[in-house]
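Keeping the supplied structure of chain A fixed, place chain B upon it in accordance with the hints.
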Amino acid sequence: MAEKKSLGKEFTKGLIAENPVFRLVLGTCPTLATTTSVVNALGMGISAMIVLVCSNIVISLLRKVIPSKVRIPAYIVVIASFVTIVQMIVKAFVPALDAALGVFLPLIVVNCIILGRAEAFAGKNSVIASAVDGLGMGVGFTIALCLMASVREVLGAGTFLAGAQNLLVLFGDNVLNGFNGFTLPWTEYLTPMTVFILAPGGFLTFGLLMACANKLAEKKGKPKAGLGGCQACPMAKNCALLAEGKECKTEEKKEEAAV
Amino acid sequence: MVDGKKLVVSASPHLRAKDTTTRIMLDVIIALLPALGAAIAIFGPRVLAVTATTVITAVLSEYVARKVMKRHNTIGDLSAVVTGLILAFNLPVSIPLWMAAIGSCVAIIIVKQMFGGIGQNFANPAIVARIFLLISFGTAMTGWTAPLSWKTDAVSTATPLAIVGGESAEALPSLLDMFLGIRGGCIGETCSLALIIGGIYLIARKVISPKIPLAYIGTVAVVMLIAGKFDLEFVAYQLMGGGLLLGAFFMATDYSTSPIKSNAKIVFGIGCGLLTCVIRLFASLPEGVSFAILIMNLLVPHIETIMAPKPFGTVKEKKSKAKEAEAK
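Protein chains in written order, with the numbering used here: chain A, 1 to 259; chain B, 1001 to 1328.
Don't read these hints as lab results, they were simulated from the structure.
Where hints are given, some of them may not hold.
As the list claims (entries may be wrong) - Away from chain B, derived, C-beta distances all over 10 Å, residues of chain A:
1) Ile57
2) Arg71
3) Lys91
4) Asp98
5) Gly102
6) Val109
7) Lys124
8) Leu147
9) Leu161
10) Val169
11) Ala211
12) Lys220
Stated by the list, open to error - Derived DSBU-like pairs: lysine-lysine, alpha-carbon spacing no greater than 35 Å straight-line:
13) A:Lys64 <-> A:Lys124
14) A:Lys124 <-> A:Lys9
15) B:Lys1310 <-> A:Lys220
16) B:Lys1067 <-> A:Lys13
17) A:Lys215 <-> B:Lys1067
18) A:Lys215 <-> B:Lys1070
19) B:Lys1070 <-> A:Lys13
20) B:Lys1070 <-> A:Lys219
21) B:Lys1067 <-> A:Lys220
Claimed, not checked - So, partial list: chain A residues that the calculated Cβ filter (under 8 Å) puts toward chain B:
22) Val70
23) Leu190
24) Met193
25) Val195
Beta carbons: idealized from backbone N, C-alpha and C, even for Gly.
Okay, chain A solo, but in the shape it has when bound (with noise of 0.2 Å):
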């Protein structure tokens, strides 16, 4: 188990020290999709966040009855059902996000952030501190999603926030006189750059959000995101080989002292 930390540390090492898309690269599949407009990376981030702090409390409720060999299938069960409640809710009550979404939605069961955080943290740390842990995880990611978004949408589309009844819909109809997202006031002279709404523009976005992050990080005095041996390894704190002193060479290592 990892040092003993405070709930306000949990929560709040999810939102920048162990962003989960910009210091642990995880779940950056629905990042690099849905990031095309603001509402959807809300929609996204949002559900993702539900299913991880619920996820969270039933595995740290059952990590002592789970057997460690067949944890990760059990873990997929747990977080699928969430998956499958938050769909169908979803679906009932805000279907436009439902169809922006697609197939991300139940993608969210093998999103590596969930199982992620179940591995690393709900399996092993108790119920109110996984709670704690995944809704930092959660806001982590959503502030991620809608930071990468905002660039996407405003550079490429020209709009803020468009289409945001999809999501006001579940206050009722026409929540803020109709509010329905801005047009930028320049779209009327330069035509907005469709790269950034394109997959090529999701890639560019992403590796540059993440140069700043690192710039950032290194500031602080903390390890760059990406490769360089475990020391790097923004995951380093949770490591249980590390703690001993030793550094993993290969999956199966980590495998092993997980188990």
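Using the frame of chain A, we list chain B on its own:
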């Protein structure tokens, strides 16, 4: 005879060539000038405005990027000027100037400086910028102005490749017009004559080796000859239409994004040619030179590895035999 001594002991190298990055880039700029002159004659003075925008933005972004990243200043090597010039050659003359400026920023900051500056970029900056602009501003990037129409009213037209490909019903320009560049297209790609002069100058000055351009153009010629059922006119339009000559002489030969080994250069050229033909014949775009070169840019390290020469005197060991020997 330093200080009157007859013998001077010094470490090698003793002979240094006078080639510097600046001189090579200057040669490339000189080689591009005929095409620039032809473009001004064909498309009018707006060519100068577009070119000036891309060149100035390229140099400025290089300067700012190096300053921000706290690296030494490299605008003196003229590579940014070359990138700006080639990018301008890849744009239609009617493009809004701010779009051209964005293209230059993408080329220099994202493609070149983010990866470490000159010699470190894995893809040709001008090509990525062109594709970036093409995807972003599809309409502005495919609005072609008719040649020689700048004196009166700018008339829109289609490129010869679009006409050959059956996407436009306009009349084809004659082969002589094609050779002289009097056709619709990007600023610097139309005048085959000027591009060939520039290419020969570069080869004569030994700035580029003729292997990549010849392999590239040759492959396109052969494939198009077969695809066009041995219709020589079709081949001529394919060779002089689009950006093939510009790409083959000036973009595919970029040092940091093309192979070093001589066999690999030929493979690289053939690959560019095949991809260009595939895109021109089967894809939804009439032109594929920029995409072909970009894809081959990405494959360069692998081509180099596969084509690695056998060091003299070594015997290639077969893997299975080596394993058997180990087992014994």
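These are the hints, each one checked on the structure:
No beta-carbon of chain B is positioned within 10 Å of the beta-carbon of Ile57 of chain A; the least distance is around 42 Å. Taking the minimum C-beta to C-beta distance to chain B, about 38 Å, the non-interface status of Arg71 of chain A holds against the 10 Å cut. Lys91 of chain A, annotated as away from the interface, keeps every beta carbon of chain B farther than 10 Å; the closest lies near 33 Å. No beta-carbon of chain B is positioned within 10 Å of the beta-carbon of Asp98 of chain A; the least distance is around 28 Å.
In this structure Gly102 of chain A is separated from chain B by more than 10 Å, as the shortest Cβ-Cβ distance comes to about 22 Å. The Cβ of Val109 of chain A sits about 32 Å from the closest Cβ of chain B, beyond the 10 Å cut-off, so the non-interface label holds. For Lys124 of chain A, the non-interface assignment is confirmed: its Cβ lies about 39 Å from the closest Cβ of chain B, beyond the 10 Å cut-off. With a closest Cβ-Cβ approach of about 19 Å to chain B, Leu147 of chain A is found to remain outside the 10 Å limit, as its non-interface label requires.
Interface exclusion of Leu161 of chain A from chain B stands, the closest Cβ pair being 22 Å apart, more than 10 Å. The Cβ of Val169 of chain A lies farther than 10 Å from every Cβ of chain B, with a closest approach of about 32 Å, so its non-interface assignment holds. Not every C-beta of chain B lies more than 10 Å from that of Ala211 of chain A, the closest at about 8 Å, which undercuts listing it as non-interface. No Cβ of chain B approaches the Cβ of Lys220 of chain A within 10 Å, the least distance being about 19 Å, so the stated non-interface status holds.
At most 35 Å may separate the alpha-carbon atoms for a hinted pair to count; Lys64 of chain A and Lys124 of chain A meet this at roughly 9 Å. At roughly 17 Å between alpha-carbon atoms, Lys124 of chain A and Lys9 of chain A fall within 35 Å of each other, so this suggested pair holds. For the proposed pair Lys1310 of chain B and Lys220 of chain A, the alpha carbon gap of about 48 Å is over 35 Å, so the pair is violated. At most 35 Å may separate the alpha-carbon atoms for a hinted pair to count; Lys1067 of chain B and Lys13 of chain A meet this at roughly 33 Å.
With a C-alpha separation of about 16 Å, the suggested pairing of Lys215 of chain A with Lys1067 of chain B holds against the 35 Å cut-off. For the proposed pair Lys215 of chain A and Lys1070 of chain B, the alpha carbon gap of about 13 Å is at most 35 Å, so the pair holds. Between Lys1070 of chain B and Lys13 of chain A the alpha-carbon distance is near 31 Å, which keeps this suggested pair within the 35 Å criterion. The hinted pair formed by Lys1070 of chain B and Lys219 of chain A meets the criterion: a straight-line CA distance of about 15 Å does not exceed 35 Å.
A hinted pair counts as satisfied when its Cα atoms are at most 35 Å apart, and Lys1067 of chain B with Lys220 of chain A qualifies at roughly 22 Å. The beta carbon of Val70 of chain A comes no nearer than 37 Å to any beta carbon in chain B, farther than 8 Å, and the hint placing it at the interface is violated. The beta carbon of Leu190 of chain A comes within 7 Å of a beta carbon in chain B, closer than 8 Å, and the hint placing it at the interface holds. Hint on Met193 of chain A holds. Least Cβ distance to chain B is approximately 4 Å, under the 8 Å limit.
Interface hint status for Val195 of chain A: upheld, as the beta-carbon distance to the closest one in chain B is roughly 4 Å, under 8 Å.
Checked against the numbered hints given earlier, this structure breaks hints 11, 15 and 22; the rest are met.
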